[in-house]
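Number of protein chains: 2
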Amino acid sequence: MSRFLSPEAARLAPYTPGEQPVDMEYVKLNTNESPFPPSPKVVEAITRGELEQLKLYSDPTCGQLNRAIAARYGLKPENVISGNGSDEILAFAFRAFCGAGIGVAFADITYSFYRSQAALFGLEATLIPLREDFSLRVDDYMDFPGTVVIANPNAPTGMALPRTEIQRLLEAGPDRLVIVDEAYVDFGGESCVPLIGQFDNLLVVQTMSKSRSLAGGRLGFALGSEALIAALNRVKYSFNPYNVNRLSLLAGAAAMEDGDYFQSCCRTIRDNRAWLTEQLEELGFTVLPSQANFVFAKSGRLSGGALYRGLKERGVLVRWWADSGRIEDYVRITVGSMEQLERLTAEITKLLEEES
Amino acid sequence: MSRFLSPEAARLAPYTPGEQPVDMEYVKLNTNESPFPPSPKVVEAITRGELEQLKLYSDPTCGQLNRAIAARYGLKPENVISGNGSDEILAFAFRAFCGAGIGVAFADITYSFYRSQAALFGLEATLIPLREDFSLRVDDYMDFPGTVVIANPNAPTGMALPRTEIQRLLEAGPDRLVIVDEAYVDFGGESCVPLIGQFDNLLVVQTMSKSRSLAGGRLGFALGSEALIAALNRVKYSFNPYNVNRLSLLAGAAAMEDGDYFQSCCRTIRDNRAWLTEQLEELGFTVLPSQANFVFAKSGRLSGGALYRGLKERGVLVRWWADSGRIEDYVRITVGSMEQLERLTAEITKLLEEES
Chain H
1 MSRFLSPEAA
11 RLAPYTPGEQ
21 PVDMEYVKLN
31 TNESPFPPSP
41 KVVEAITRGE
51 LEQLKLYSDP
61 TCGQLNRAIA
71 ARYGLKPENV
81 ISGNGSDEIL
91 AFAFRAFCGA
101 GIGVAFADIT
111 YSFYRSQAAL
121 FGLEATLIPL
131 REDFSLRVDD
141 YMDFPGTVVI
151 ANPNAPTGMA
161 LPRTEIQRLL
171 EAGPDRLVIV
181 DEAYVDFGGE
191 SCVPLIGQFD
201 NLLVVQTMSK
211 SRSLAGGRLG
221 FALGSEALIA
231 ALNRVKYSFN
241 PYNVNRLSLL
251 AGAAAMEDGD
261 YFQSCCRTIR
271 DNRAWLTEQL
281 EELGFTVLPS
291 QANFVFAKSG
301 RLSGGALYRG
311 LKERGVLVRW
321 WADSGRIEDY
331 VRITVGSMEQ
341 LERLTAEITK
351 LLEEES
Chain D
1 MSRFLSPEAA
11 RLAPYTPGEQ
21 PVDMEYVKLN
31 TNESPFPPSP
41 KVVEAITRGE
51 LEQLKLYSDP
61 TCGQLNRAIA
71 ARYGLKPENV
81 ISGNGSDEIL
91 AFAFRAFCGA
101 GIGVAFADIT
111 YSFYRSQAAL
121 FGLEATLIPL
131 REDFSLRVDD
141 YMDFPGTVVI
151 ANPNAPTGMA
161 LPRTEIQRLL
171 EAGPDRLVIV
181 DEAYVDFGGE
191 SCVPLIGQFD
201 NLLVVQTMSK
211 SRSLAGGRLG
221 FALGSEALIA
231 ALNRVKYSFN
241 PYNVNRLSLL
251 AGAAAMEDGD
261 YFQSCCRTIR
271 DNRAWLTEQL
281 EELGFTVLPS
291 QANFVFAKSG
301 RLSGGALYRG
311 LKERGVLVRW
321 WADSGRIEDY
331 VRITVGSMEQ
341 LERLTAEITK
351 LLEEES
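If you're matching them up, the sequences are chains H and D in order. With my numbering applied, the first sequence corresponds to residues 1 to 356, in that order. With my numbering applied, the second sequence corresponds to residues 1 to 356, in that order.
For the record, the hints were derived by calculation from the structure and aren't laboratory data. Any given hint could turn out to be false.
Claimed, not checked - Listing some non-contacts, in silico: residues in chain D with all C-beta distances to chain H over 10 Å:
#  : residue
1  : A9
2  : E33
3  : E52
4  : S58
5  : A68
6  : P77
7  : R95
8  : A125
9  : G197
10 : E347
Unchecked claim - Footprint (simulated), chain D over chain H, 3 or more residues, beta carbon under 8 Å:
#  : segment
11 : 1 to 8
12 : 84 to 90
13 : 115 to 121
14 : 130 to 144
15 : 256 to 266
16 : 310 to 319
All C-beta atoms, glycine included, are put in the ideal place defined by N, C-alpha and C.
Input sequences plus hints: build the corresponding full structure.
Structure below.
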């Protein structure tokens with residue numbers, strides 16, 4: 001490592017993204033992308049003329065996009081901030097609302113990037129264990145004095161909390177900020193967005209990477225009180241004022257306005273998830289109850305590592321975490337198209353036959 | 001401001017971007033954008049098929065783009081990191097190479113965003129005054145023990161240092177990192193990229209916003225030793241692993257490969273700059289010697305504020321900094337197309353006539 005590395009940078013805990021292999025064509029069910037292209041309206045929005053306008057900076061206020069998002073959720077544009085993926089938005093939130101004397105708490109099993117970002121800002125992170133059945137007990141957070149981050153539905157489990165549970169946490173600590181990461185909420189979870197007008201200690205973070213089929217456009221956003229959004233903008237304008245590029249601004253607004261396409265994609269994912277869950281259970285898997293566009297499952301007969309490696313050799317990528325304790329025998333499988341899922345279950349069937 | 005704001009976020013010094021007005025069509029010479037569209041190869045690269053692939057994440061390693069940049073500069077991909085604009089790259093560098101005990105020094109008159117980023121990371125920033133004639137004296141930095149940032153050419157002056165001067169600084173302090181921000185180098189400055197193999201204490205930051213006509217694509221990059229780039233990646237993977245979107249990756253690689261178009265654009269800007277400088281001098285302006293795609297100039301008869309406001313009323317935007325001490329009578333004018341510049345000088349002529 002460089003001899004110029006600052007002590008702060010030496011203490012970082014960089015995130016490891018899911019594999020994006022280029023050695024062959026895989027059935028890619030490892031990073032929770034959508035199997036569907038973005039809305040046709042997205043493709044129409046990016047015209048030749050717009051490509052030529054790349055010579056000009058993007059709107060630093062993300063005005064058109066924020067208006068489209070606000071309209072979708074019945075909020076004002078002042079309740080919205082957009083970012084270069086929800087990872088950027090989360091980083092802004094960790095800087096804006098945590099620091100010396102304000103630690104952060106999240107589940108021991110959740111989106112592992114929270115740990116990276118806590119390390120980035122030198123925050124004290126408190127990991128609160130999920131229960132044995134991987135459910136999250138809101139009461140475990142009631143006494144925590146700092147900022148709470150809850151992924152709902154959670155990743156990689158896919159399990160969701162009802163809105164009333166999060167409301168209970170918001171009510172119990174009006175001086176404690178709760179960040180609800182709703183990256184996967186559109187596939188069956190209960191969103192906390194309807195609570196925003198009522199609770200100024202609630203920040204909801206969402207992404208267009210999953211339900212809007214725009215993972216490659218890098219678009220995320222947060223919704224909250226005007227004061228919370230102003231605080232996030234303070235960080236944004238200290239870090240990267242023009243944080244969303246012109247084409248993603250256009251793509252995001254078009255995707256947000258095409259409600260029918262969005263609904264249809266989400267419905268298909270839910271149907272495919274039900275089919276996949278049933279198939280896996282027939283194959284002897286334990287499948288956690290998922291409200292997300294993935295399932296978290298373990299075979300009774302193959303270890304998580306054997307399943308991951310066996311599927312990869314057969315051209316199917318799923319996500320597996322080595323040395324991960326009580327989730328080591330699980331794999332996370334993205335709910336793809338029926339064609340992808342039929343291929344997956346066929347390869348699992350063969351793997352199990354070889355095993356026996 | 002939000003009652004949830006952390007003490008660290010309360011101390012921030014957010015940057016104010018140049019105006020991006022939407023109230024009318026301006027001749028926009030205020031944010032140093034290119035008057036030319038990006039290379040036709042950029043437009044060709046973003047096909048309908050690629051738009052549909054937005055459903056998939058971008059390559060977090062920015063492999064194709066980094067290879068194109070490396071090839072252009074005769075370096076290895078391991079010497080390159082790409083980012084969501086050079087602002088993001090600068091933020092990574094401030095975090096990677098500055099911190100407790102490692103302060104940062106830069107000129108009192110330079111890209112004002114350095115101050116915002118120093119505040120973001122709670123760094124001790126040392127401002128070193130430019131000389132009376134706005135030139136930068138490298139000897140003033142020789143005794144500084146922390147990280148040095150030099151914009152070369154400098155903004156908003158446009159004045160450039162010869163490479164030999166920066167080399168002198170690199171040689172004098174092999175244990176001190178020097179970050180050279182070459183956002184404007186392609187319009188006549190001497191790049192320090194040829195020194196990278198020789199000095200492991202040199203990091204060069206560039207952008208595609210100006211000479212590559214991709215301000216709206218948000219693309220910047222840094223070049224340096226493998227160890228420096230690895231340190232920057234440590235920060236990137238703690239902040240936002242998928243930091244460049246798919247379309248900008250394609251656009252950047254295509255722009256980097258079209259050397260002829262790039263050369264032709266830069267040549268035109270240099271010609272237009274010479275013309276503009278001559279015209280302004282004939283109109284009684286003092287024009288600093290610029291190697292950038294803008295000029296920094298003051299009228300002998302109109303204050304900076306009067307010039308800025310008068311031109312804005314006439315539909316021409318230039319950049320002016322109120323309450324800026326010794327640069328308050330200057331305006332920064334982007335070198336646009338001949339059509340834009342003729343309009344500008346015509347409006348200035350009218351303003352001066354009204355004045356007399």
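Hint-by-hint comparison with the structure:
Not every CB of chain H is more than 10 Å from the CB of A9 (chain D) (nearest about 5 Å), against its label as outside the interface. With a closest Cβ-Cβ approach of about 5 Å to chain H, E33 (chain D) is found to fall inside the 10 Å limit, against its non-interface label. For E52 (chain D), the shortest C-beta to C-beta distance to chain H comes to about 4 Å, within the 10 Å cut-off, and the non-interface label is violated. Separation of S58 (chain D) from chain H is inadequate, the least Cβ-Cβ distance of about 5 Å not exceeding the 10 Å criterion.
Distance to chain H confirms A68 (chain D) as a non-interface residue, since its nearest Cβ pair spans about 16 Å, more than 10 Å. Residue placement check: P77 (chain D) keeps its beta carbon more than 10 Å from all beta carbons of chain H (closest about 14 Å). Against chain H, the non-interface label of R95 (chain D) is violated: not every CB pair exceeds 10 Å, the least being about 6 Å. The Cβ of A125 (chain D) sits about 13 Å from the closest Cβ of chain H, beyond the 10 Å cut-off, so the non-interface label holds.
The non-interface label for G197 (chain D) is consistent with chain H: the shortest C-beta to C-beta separation is roughly 16 Å, beyond 10 Å. At roughly 21 Å, the least C-beta separation between E347 (chain D) and chain H is larger than 10 Å, which holds for a residue marked as non-interface. Note: the segment 1 to 8 of chain H has 8 residues with beta-carbon separation from chain D under 8 Å; the three-residue rule is met and the coverage holds. Counting residues of the segment 84 to 90 of chain H whose C-beta lies closer than 8 Å to any C-beta of chain D gives 4; at least three are required, and the coverage claim holds.
By the rule of at least three residues with a Cβ nearer than 8 Å to a Cβ of chain D, the coverage given for the segment 115 to 121 of chain H holds, with 5 such residues. Counting residues of the segment 130 to 144 of chain H whose C-beta sits closer than 8 Å to any C-beta of chain D gives 0, which falls short of three, so the coverage hint is violated. Under the rule that three or more residues need a Cβ within less than 8 Å of chain D, the assignment of the segment 256 to 266 of chain H is violated, with 0 such residues. Note: the segment 310 to 319 of chain H has 0 residues with beta-carbon separation from chain D under 8 Å; the three-residue rule is not met and the coverage is violated.
Consistency with the previously given hints fails for numbers 1, 2, 3, 4, 7, 14, 15, 16, ordered from lowest to highest.
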